[in-house]
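Asker: Using the sequences and the accompanying hints, generate a full structural model.
Chain residues, written in single-letter form:
Protein chains: 2
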Amino acid sequence: MIIDGKGLSNRLDRNMKIEVQALKKRGIEPKLVVIIVGNDPASQIYVRNKHRKAVKLGITSIIERRPEDFTQAELLALIYQYNQDETVHGILVQLPLPKQIDETAIIRAIAIEKDVDGFSPANVGRLFSNSHEHYPVSCTPKGIMTMLSHYQIDPAGQHAVIVGDSNIVGRPMGALLLNAGATVTYTHILTADLPSFTRTADILIVATGVAHLIKAADIKPGATVIDVGMNRDENGRLVGDVDYEHAKDVAGAITPVPGGVGPMTITSLMQQTLELTKVANRRTLKPVKV
Amino acid sequence: MIIDGKGLSNRLDRNMKIEVQALKKRGIEPKLVVIIVGNDPASQIYVRNKHRKAVKLGITSIIERRPEDFTQAELLALIYQYNQDETVHGILVQLPLPKQIDETAIIRAIAIEKDVDGFSPANVGRLFSNSHEHYPVSCTPKGIMTMLSHYQIDPAGQHAVIVGDSNIVGRPMGALLLNAGATVTYTHILTADLPSFTRTADILIVATGVAHLIKAADIKPGATVIDVGMNRDENGRLVGDVDYEHAKDVAGAITPVPGGVGPMTITSLMQQTLELTKVANRRTLKPVKV
Chain P
1 MIIDGKGLSN RLDRNMKIEV QALKKRGIEP KLVVIIVGND PASQIYVRNK
51 HRKAVKLGIT SIIERRPEDF TQAELLALIY QYNQDETVHG ILVQLPLPKQ
101 IDETAIIRAI AIEKDVDGFS PANVGRLFSN SHEHYPVSCT PKGIMTMLSH
151 YQIDPAGQHA VIVGDSNIVG RPMGALLLNA GATVTYTHIL TADLPSFTRT
201 ADILIVATGV AHLIKAADIK PGATVIDVGM NRDENGRLVG DVDYEHAKDV
251 AGAITPVPGG VGPMTITSLM QQTLELTKVA NRRTLKPVKV
Chain H
1 MIIDGKGLSN RLDRNMKIEV QALKKRGIEP KLVVIIVGND PASQIYVRNK
51 HRKAVKLGIT SIIERRPEDF TQAELLALIY QYNQDETVHG ILVQLPLPKQ
101 IDETAIIRAI AIEKDVDGFS PANVGRLFSN SHEHYPVSCT PKGIMTMLSH
151 YQIDPAGQHA VIVGDSNIVG RPMGALLLNA GATVTYTHIL TADLPSFTRT
201 ADILIVATGV AHLIKAADIK PGATVIDVGM NRDENGRLVG DVDYEHAKDV
251 AGAITPVPGG VGPMTITSLM QQTLELTKVA NRRTLKPVKV
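Quick note, the sequences are listed as chains P and H, same order. Here the working numbering is used: the first residue of the first sequence is 1, the next is one more, and so on. Here the working numbering is used: the first residue of the second sequence is 1, the next is one more, and so on.
One or more hints might be untrue.
Chain copies aren't distinguished; within one or between two, either way the pair holds.
Claimed, not checked - With a straight-line cut-off of 20 Å between C-alpha atoms, the simulated SDA-like cross-links for lysine to any residue are:
{"#": "1", "residue 1": "K220", "residue 2": "L194"}
{"#": "2", "residue 1": "K99", "residue 2": "H132"}
{"#": "3", "residue 1": "K215", "residue 2": "I2"}
{"#": "4", "residue 1": "K248", "residue 2": "Q152"}
{"#": "5", "residue 1": "K99", "residue 2": "E133"}
{"#": "6", "residue 1": "K6", "residue 2": "V250"}
{"#": "7", "residue 1": "K220", "residue 2": "S196"}
{"#": "8", "residue 1": "K248", "residue 2": "A217"}
{"#": "9", "residue 1": "K6", "residue 2": "Y46"}
{"#": "10", "residue 1": "K56", "residue 2": "P67"}
{"#": "11", "residue 1": "K25", "residue 2": "P41"}
{"#": "12", "residue 1": "K220", "residue 2": "D193"}
{"#": "13", "residue 1": "K17", "residue 2": "G209"}
{"#": "14", "residue 1": "K25", "residue 2": "M1"}
{"#": "15", "residue 1": "K99", "residue 2": "Y151"}
{"#": "16", "residue 1": "K6", "residue 2": "E74"}
{"#": "17", "residue 1": "K220", "residue 2": "T200"}
{"#": "18", "residue 1": "K220", "residue 2": "A192"}
FYI, nobody ran anything at the bench for these hints, they're computed from the structure.
Answerer: So this is what it looks like as structure tokens:
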């Protein structure tokens, strides 16, 4: 089974568009601010894609572009301004930042109720404590959970193996799966005999940035394989961290690259913007379902 | 090898006593406030033990006892008072709390720089993001890391298996081991075929509250086995979650119960009180080593 992230994200987008219209009729206008500092080419593309998706869904999107030599104090002031602005529901600072700016300090400056990337320590702590409140979560793992749910893959009691323990993907992914009842193994660059772990995975999440790291022989027959990788091969073709062509014959379900995790990440960012909008308007909207 | 938590905690306590004296000579008086609400008998013992240890080390210990019908608003007011009090370095609210009080709200009310139990979401988030700042950590896992370090057991590249994924022990334990470079597997009540995981563990941490859950056959020969359990058997004897008598012949290193993890937890609480004291007095003490 091929997990069609692109198709699912399209369906979710259509539903969100209707939901945004309904919110607007009630006088609530979801608004996302994306701040980009400097000229990193990949960041420019990511920010443009987020903006286009927001506009398509009817979410108000503000892009704040600042020059490469923007200071930390100036960036903090900009964030505080939007923290105070009650019409704004999500604030995203595109990473990486120029070297004169301390990313940690910036991430902490974002009000936790507008932290649409879910990177703030208080929100990370809620995730790892399996808090019962609503809290934002890093968008890629959130999108993967949505995919698993839509394909009726229940992590409870399954062995989930995470390859790559980054703060943006691997670590929050493991926490979400643990919260959903999976047995979770974190593997990474220091892991000895990686295949001995991946071969026992019922759900295998690969987020390493190493093209074709995971071969068919590293996969348990019938496993669900989620490939977060986005790498260029020698011919400039986009390839994942999993050798898809061979792995798809072993896996029970697998995400392609492109068209798998990628589209779900941006859709999750929009979903989360809507969730934060609804939480901020709880009094107007109750009961709120997020 | 028997890991002698009691002996190690005694040595660390002696060093701390000297350090407290040195701090006091510089006009810095480490102070811990422990708040206990109601009459839970186990909590009374824990609080008394913490108080005695603090007094023994020269740390000023204030116990605030409140009745079973104390309200959440009253408890919040008490916490805010100590948050404001610059002479106080650590605030600990003994759990569990009476049912009229929301534990989550109470844990969040403690100032993060005085959160000596490390349960606040912002501190949990720093732990799970492997932050480079100083932050307090749950005391039992902290004590276990200290034991591993003193016994020169380096988790880097080792497979650490956590049995029991509580917020107080299992989850932060896994994060500390992951931050130290281990491959980490979280197992729990929903884990299928638990022995298939425990048998692959180089470092096995057991924190389930089930007496003798882990047998010798569940342990990889030569593994380090850390037993967090404190259970009473049918004869009223204190026993761990590991069948120590048989396990000690298979394990490479193992903690006894009692005398293993238990004494280290309270010593870690005192160490952390000192660390928070030093961080609060950074200007006076620089350079501070925590």
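Asker: Reference check for the pair K248 and A217, CA-CA at most 20 Å: within, between, both, or neither?
Answerer: Answer is within; shortest intra-copy Cα gap is 11 Å, inter-copy 37 Å.
Asker: Given identical chains, is K17 near G209, meaning Cα to Cα at most 20 Å, within a copy, between copies, both, or neither?
Answerer: For K17 and G209, the Cα distance exceeds 20 Å both inside one copy (33 Å) and across copies (49 Å).
Asker: Given a CA cutoff of 20 Å, do K99 and Y151 count as a within-copy pair, a between-copy pair, both, or neither?
Answerer: Answer is neither; intra-copy 42 Å and inter-copy 40 Å both fail.
Asker: Evaluate K220 and T200 at a C-alpha cut-off of 20 Å and name the case that applies: within, between, both or neither.
Answerer: both (6 Å within a copy, 18 Å between copies)
Asker: Checking K215 and I2: alpha-carbon separation at most 20 Å within a copy, between copies, both or neither?
Answerer: within (17 Å within a copy, 42 Å between copies)
Asker: For K25 vs M1, is the C-alpha pair at or below 20 Å within one copy, between two copies, both, or neither?
Answerer: neither (40 Å within a copy, 70 Å between copies)
Asker: When Cα atoms must be at most 20 Å apart, do K6 and V250 count as within-copy, between-copy, both, or neither?
Answerer: Neither: 22 Å inside a copy, 51 Å across copies.
Asker: For K6 vs E74, is the C-alpha pair at or below 20 Å within one copy, between two copies, both, or neither?
Answerer: neither (38 Å within a copy, 52 Å between copies)
Asker: I want to check one pair: K220 and A192. Are their C-alpha atoms no more than 20 Å apart within a copy, between two copies, both, or neither?
Answerer: Both. Shortest intra-copy (18 Å) and inter-copy (16 Å) distances satisfy the 20 Å Cα cut-off.
Asker: Up to 20 Å between alpha-carbons, please classify K220 paired with S196: within, between, both or neither.
Answerer: Result: close both inside a copy and across copies, 10 Å intra and 16 Å inter.
Asker: Give the relationship of K6 and Y46 under a CA distance limit of 20 Å: within one copy only, between copies only, both, or neither.
Answerer: within (17 Å within a copy, 55 Å between copies)
Asker: Have a look at K220 and L194 and pick one of within, between, both or neither, based on CA distance no larger than 20 Å.
Answerer: both (13 Å within a copy, 18 Å between copies)
When each numbered hint is compared with the structure, violations occur for hints 6, 10, 11, 13, 14, 15, 16.
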